[in-house]
Amino acid sequence: MSDFRQEFIEFAISRNVLCFGEFKTKAGRMSPYFFNAGLFNDGDSLRKLGQFYAKAILAAHLQFDMLFGPAYKGIPLVSCIAIALAERGYNYPFCFNRKESKDHGEGGNLVGAPLAGRVLIADDVISAGTSVRESVGHIQAAGATPAGVIIALDRMERGNGTLSAVQEVYCAYGIRVASIVNLDEITTYLRTRKDQAHNLRKVEEYRARYGIADQTA
10 MSDFRQEFIE
20 FAISRNVLCF
30 GEFKTKAGRM
40 SPYFFNAGLF
50 NDGDSLRKLG
60 QFYAKAILAA
70 HLQFDMLFGP
80 AYKGIPLVSC
90 IAIALAERGY
100 NYPFCFNRKE
110 SKDHGEGGNL
120 VGAPLAGRVL
130 IADDVISAGT
140 SVRESVGHIQ
150 AAGATPAGVI
160 IALDRMERGN
170 GTLSAVQEVY
180 CAYGIRVASI
190 VNLDEITTYL
200 RTRKDQAHNL
210 RKVEEYRARY
220 GIADQTA
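Under my numbering, residues 10 to 226 are what the sequence shown spells out, in order.
In case anyone wonders, no lab produced these hints; they're calculated from the structure.
Hints may be right or wrong, so weigh each one.
[What the hints assert, rightly or not] Straight line, CA to CA, 16 Å or less: simulated EDC-like cross-link-like pairs of lysine to aspartate or glutamate:
#: 1; residue 1: K57; residue 2: D12
#: 2; residue 1: K82; residue 2: D51
#: 3; residue 1: K64; residue 2: E143
#: 4; residue 1: K35; residue 2: E166
#: 5; residue 1: K82; residue 2: E143
#: 6; residue 1: K64; residue 2: E31
#: 7; residue 1: K57; residue 2: E31
#: 8; residue 1: K211; residue 2: E31
#: 9; residue 1: K57; residue 2: E96
#: 10; residue 1: K64; residue 2: E109
#: 11; residue 1: K211; residue 2: D193
#: 12; residue 1: K211; residue 2: E143
#: 13; residue 1: K57; residue 2: E16
#: 14; residue 1: K108; residue 2: D51
#: 15; residue 1: K33; residue 2: E166
[Said to hold, decoys possible] Label-pair distances were calculated between CB atoms; the ranges are:
#: 16; residue 1: S136; residue 2: P102; range: 16 to 22 Å
#: 17; residue 1: Q15; residue 2: S136; range: 22 to 28 Å
#: 18; residue 1: Y81; residue 2: A150; range: 17 to 23 Å
#: 19; residue 1: A80; residue 2: A206; range: 37 to 43 Å
Every residue gets a Cβ at the ideal spot worked out from N, C-alpha and C, and that includes glycine.
Build out the structure end to end from the sequences listed, making use of the hints.
Right under this line is the structure:
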């Protein structure tokens, strides 16, 4: 596991973004862990979050021309990612959408640079894939091309069928999904911590029950 990925896990735990216990998922499953990116809610944590996203994007060698953040969580994400990439010498334009179209001023439901070329979608996690589907719609409607998705956490678990949410995105749109960390990397981290033995056991049991054997689409 890359050093920045372990650092991200420790960072997420320190901010209670990644926490352990019993949590009910949208699918009705009782999960032993929960990830809430909304708790990266101050300037310093958002700055660091953008840096982690930038490292993951560069490590994945994703090819794109601009960034898109789906409302609402994607708005601060795409902003901090663009800043972090610019600090590394990669200056990308970015855009995000409004939930409701604006009928005055500049109008429309998109804010920022015009959608053009290859567009990388930035989000926190993928559950049902709704935000990705809506983002692809905005991008294609503008005549641009969805080029991939970058997320903070890949839960690596099945959806309604045999595929994970990440695999479903690939099958639906033919675009790659990269992440800062995935569930396998979280379990690898937990194995290094004696004080996390109980949580490790619960996560491994959950992974065995709901996880996918291979993330390859």
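Practice task
List in ascending order the numbers of the hints, as given earlier, that are violated by the structure.
Solution key: 3, 6, 7, 10, 12, 14, 16
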